[in-house]
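K.L.:
Now for the letters of each chain:
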Amino acid sequence: MIDLLQVRNISRRFSRVWNRNLVVYRKIWLVNFLVPLLEPLLYLTAFGVGLSALIGQVPYEGKELPYVVFIAPALLSITMMYNAFFENTYASFVRMYYQKTFDAMMATPLSLEDIIAGEIVWGATKSVIATAIMLLVVSLFGLIEYPQGLLILPLSFLGGLAFGATGMVFTGIVPSIDMFNLPIFLLITPMFLFSGTFFPIDTLPDWAQSISHVLPLTHLVNLCRGLALGELHAGMILSVIYLLLLTVIVFPIALVVMRRRLIK
Amino acid sequence: MADTVPIIDAKNLRKVFNGTTAVDGLSFQLFPGECLGLLGPNGAGKTSTIRMVYAFSPMNGGSLKVFGIDIKTGWREIKARIGVCQQENNLDPDLSVLQNLELFARYYDITKKDAKDRARQLLQFIALEHRSEDKVTSLSGGMMRRLVLARALINNPEMLVLDEPTTGLDPQSRHQVWERLELLRANGLSILLTTHYMDEAYRLCDRLIIMDHGKILVEGEPVDLIRRYAGEQVVEIVNPGPEVREFIQTSGYMHDMLDHRIILYGREDDNLFELIGEKFCTEGCIKRMATLEDVFLRLTGRELRE
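Each protein sequence line maps, in turn, to chains A and B.
Just so you know, the working numbering puts 248 at position 248 of the first sequence, and the rest follows in order with no gaps.
Just so you know, the working numbering puts 78 at position 78 of the second sequence, and the rest follows in order with no gaps.
None of these hints come from the bench; they were simulated from the model.
No experiment lies behind these values; they were computed from the predicted model shown.
Careful: at least some of the hints might be erroneous.
Claimed, not checked - Once the Cα atoms are required to be at most 20 Å apart in a straight line, the calculated EDC-like pairs of lysine to aspartate or glutamate come out as:
hint : chain 1 : residue 1 : chain 2 : residue 2
1    : B       : Lys11     : B       : Asp24
2    : B       : Lys65     : B       : Glu133
3    : B       : Lys215    : B       : Glu293
4    : A       : Lys264    : B       : Glu158
5    : B       : Lys279    : B       : Asp269
6    : A       : Lys100    : B       : Glu88
7    : A       : Lys264    : B       : Asp24
8    : A       : Lys100    : A       : Asp178
9    : A       : Lys27     : B       : Asp70
10   : B       : Lys279    : B       : Glu293
11   : B       : Lys113    : B       : Glu133
12   : B       : Lys287    : B       : Glu232
13   : B       : Lys287    : B       : Glu268
14   : B       : Lys279    : B       : Glu221
15   : B       : Lys135    : B       : Glu158
16   : B       : Lys72     : A       : Glu113
17   : B       : Lys11     : B       : Glu88
18   : A       : Lys27     : B       : Glu133
19   : B       : Lys72     : B       : Glu129
20   : A       : Lys100    : B       : Glu164
21   : B       : Lys113    : B       : Glu129
Claimed, not checked - Computed spacing ranges between beta-carbons, pair by pair:
hint : chain 1 : residue 1 : chain 2 : residue 2 : range
22   : B       : Asp170    : A       : Arg260    : 32 to 42 Å
23   : B       : Pro58     : A       : Leu37     : 40 to 50 Å
24   : A       : Val256    : B       : Gly61     : 16 to 26 Å
25   : A       : Leu193    : B       : Glu158    : 52 to 62 Å
26   : B       : Gly188    : A       : Leu37     : 53 to 63 Å
27   : A       : Phe33     : B       : Thr137    : 22 to 32 Å
28   : B       : Pro32     : A       : Phe33     : 51 to 61 Å
29   : B       : Ser27     : A       : Val256    : 31 to 41 Å
30   : B       : Glu158    : A       : Phe185    : 45 to 55 Å
31   : B       : Arg302    : A       : Lys264    : 21 to 31 Å
32   : A       : Pro175    : B       : Gly284    : 45 to 55 Å
33   : A       : Val35     : B       : Lys112    : 23 to 33 Å
34   : B       : Ala127    : A       : Leu245    : 48 to 58 Å
35   : A       : Val35     : B       : Arg302    : 36 to 46 Å
The beta-carbon is built from N, C-alpha and C at its ideal position, and this holds for glycine as well.
Modelling step: build the complete structure from the supplied sequences, incorporating the hints.
P.N.:
Listed below in structure tokens is the structure:
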């Protein structure tokens, strides 16, 4: 039976679950910081030094942008997606399935919904932390316009919620941890490539553009790029609505599938 | 005890998994300060029952009150007032021994300072204070079990639910756990436990329920159950011949006829051993006290449950 009012079982105690993950994260904070610190340097070297000599300028919204300026916001968006999605798939699955952490928590006053909400908000938090570090690095290269660029931080939370909740839905339904390869191959990798990340969408044929507009990462990149360039436009409102709607729809589905999986 | 509010008041509990009835109309009560044991073969419905009691599994029928509160509406309050040791050692492997207790306390809304104090006390109680900074994965099975017990006590519970608390432990570790449970019991903590070990049930429990196929078979104090279903004295006859089989079948004594063994149950003054020993004990007879294991096997049968 699906109880769509499961959301009511969420209490402020979800923050305790979030806190547990934060404590574990802080234990190896250096390792956790290193990836978002070094990853943009790798990309910017490869694309900025290597590729941009070949590409030169990229046409975007009627302007010509240097290639590194074009891809820097995409790198940030991909980081948001990866951090939240991987946290709420592999890492949450390990806690749920192998470590039985959720089982132990469910013997306390926490509800299943508190636990799942805590996990998803934690996934979004990881997205914010990684984005903040990366933002610092790319800002040093002068690739972000301020103060608009600061809005990338709240955006990374929203993007984290949307991708984390989506990941949690898969965690609720996959039979084994290896099965995460499927949504990664079918959803995450195509988004990584075709969401206006490394080339503008309008270079694609029409049918491919339509598909691209359905992908959540397209909207995240659109928002992030607008903020990074300091040029806000009307299309960004639609993208915000898209991500909000996605979160509001996927989050309760995550609760339902996790309840089906864990409550016996 | 009739006028006290029971800690657990379960009426007609039912639990169905995919069409299979695991708990089939179970009614029982746990009274304050009592230790109640649920015994039964694998699949009898013990774990399903206690999972309903600690609001882990929703029930499919019946009514369940804990501390007089309906579990359907008051599950969060109930869970805040009980401590649970689940069957698996689901300690948090990402955290240290001390953190396992401190962070668990936070799930109960215990303040950071109180959590720290309480965690230190409990580590002392389970004699693990010297391991407080270690990873839980470095602990032995017995230490982990004690830590699970300590974790279940972090919120000063009014009732403890234990699902097979000593399964898989060596004898030393089992006795370590038992001693602590006895201390808690002596302090008036109410306990509901399941176990496969009859010596554990006999030692810890005031009252037992033996169940099978989701239903109660018998209920009572350990000593009474033994007297009622296995007598006082037991004689086991190894490789009995046809004469002794016939003799026992016609004698009217309580007995179990197995392939290579007859088990005879009698009173202290039946002098069974003397009666049988002189005539029939060619291959060997064993005289011993009746135990809870006799009761259990007599009531639930000797077939394997897999």
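K.L.:
Evaluate each hint against the coordinates.
P.N.:
How the hints compare with the structure:
The suggested pairing of B:Lys11 with B:Asp24 holds, with an alpha-carbon distance near 11 Å, which does not exceed 20 Å. Taking the CA atoms of B:Lys65 and B:Glu133, the gap is near 39 Å; set against the 20 Å cutoff, the hint is violated. Distance hint between B:Lys215 and B:Glu293 is fulfilled; the C-alpha atoms sit about 19 Å from each other, no more than 20 Å. With a C-alpha separation of about 25 Å, the suggested pairing of A:Lys264 with B:Glu158 is violated against the 20 Å cut-off.
Between B:Lys279 and B:Asp269 the alpha-carbon distance is near 19 Å, which keeps this suggested pair within the 20 Å criterion. At roughly 9 Å between alpha-carbon atoms, A:Lys100 and B:Glu88 fall within 20 Å of each other, so this suggested pair holds. The suggested pairing of A:Lys264 with B:Asp24 holds, with an alpha-carbon distance near 16 Å, which does not exceed 20 Å. Taking the CA atoms of A:Lys100 and A:Asp178, the gap is near 18 Å; set against the 20 Å cutoff, the hint holds.
Between A:Lys27 and B:Asp70 the CA atoms are separated by roughly 41 Å; this puts the pair beyond 20 Å, and the hint is violated. At roughly 28 Å between alpha-carbon atoms, B:Lys279 and B:Glu293 are farther apart than 20 Å, so this suggested pair is violated. For the hint pairing B:Lys113 with B:Glu133, the CA-to-CA distance comes to about 18 Å; that is within 20 Å, so the pair holds. Pair hint B:Lys287 plus B:Glu232 holds up; C-alpha atoms about 11 Å apart against a cutoff of 20 Å.
Only pairs whose Cα atoms come within 20 Å are accepted, and B:Lys287 paired with B:Glu268 is accepted, the gap being roughly 11 Å. This hinted pair does not check out: B:Lys279 and B:Glu221 have alpha carbons roughly 36 Å apart, beyond 20 Å. The straight-line distance between the Cα atoms of B:Lys135 and B:Glu158 is roughly 29 Å, outside the 20 Å bound, and the hint therefore fails. A hinted pair counts as satisfied when its Cα atoms are at most 20 Å apart, and B:Lys72 with A:Glu113 qualifies at roughly 16 Å.
At most 20 Å may separate the alpha-carbon atoms for a hinted pair to count; B:Lys11 and B:Glu88 exceed this at roughly 28 Å. Restraint check for A:Lys27 and B:Glu133: the C-alpha separation of about 13 Å stays at or below 20 Å, so the hint holds. For the hint linking B:Lys72 to B:Glu129, the alpha-carbon distance of about 39 Å lies beyond 20 Å, and the restraint is violated. Taking the CA atoms of A:Lys100 and B:Glu164, the gap is about 17 Å. The hint holds against a cut of 20 Å.
Among the hinted pairs, B:Lys113 with B:Glu129 is consistent with the structure: their alpha-carbon atoms are about 17 Å apart, no more than 20 Å. One distance hint, 32 to 42 Å for the beta-carbon pair B:Asp170 and A:Arg260, holds here, with the actual separation near 39 Å. A C-beta distance of roughly 46 Å is found between B:Pro58 and A:Leu37, which places it inside the suggested range of 40 to 50 Å. Evaluation of the 16 to 26 Å hint for A:Val256 and B:Gly61 yields a pass: the beta carbon distance comes to about 23 Å.
Taking 52 to 62 Å as the suggested C-beta distance range, the pair A:Leu193 and B:Glu158 conforms, at roughly 58 Å. Take B:Gly188 and A:Leu37: their Cβ atoms lie about 56 Å apart, and the range 53 to 63 Å holds. At roughly 25 Å, the beta-carbon separation of A:Phe33 and B:Thr137 lies within the given 22 to 32 Å, and the hint holds. Checked against the given bound of 51 to 61 Å, the beta carbons of B:Pro32 and A:Phe33, roughly 53 Å apart, stay inside it.
Our hint of 31 to 41 Å for B:Ser27 and A:Val256 holds, since their Cβ atoms are close to 33 Å apart. A hinted range of 45 to 55 Å holds for the C-beta pair B:Glu158 and A:Phe185, which are about 51 Å apart. Between B:Arg302 and A:Lys264 the beta carbons are some 30 Å apart, a value that agrees with the proposed interval 21 to 31 Å. Checked against the given bound of 45 to 55 Å, the beta carbons of A:Pro175 and B:Gly284, roughly 54 Å apart, stay inside it.
Taking 23 to 33 Å as the suggested C-beta distance range, the pair A:Val35 and B:Lys112 conforms, at roughly 30 Å. Taking the beta carbon of each, B:Ala127 and A:Leu245 are about 55 Å apart, inside 48 to 58 Å as hinted. The hinted range of 36 to 46 Å is not satisfied by A:Val35 and B:Arg302, whose Cβ atoms lie roughly 59 Å apart.
This entry does not satisfy hints 2, 4, 9, 10, 14, 15, 17, 19, 35, going by the numbered hints stated previously.
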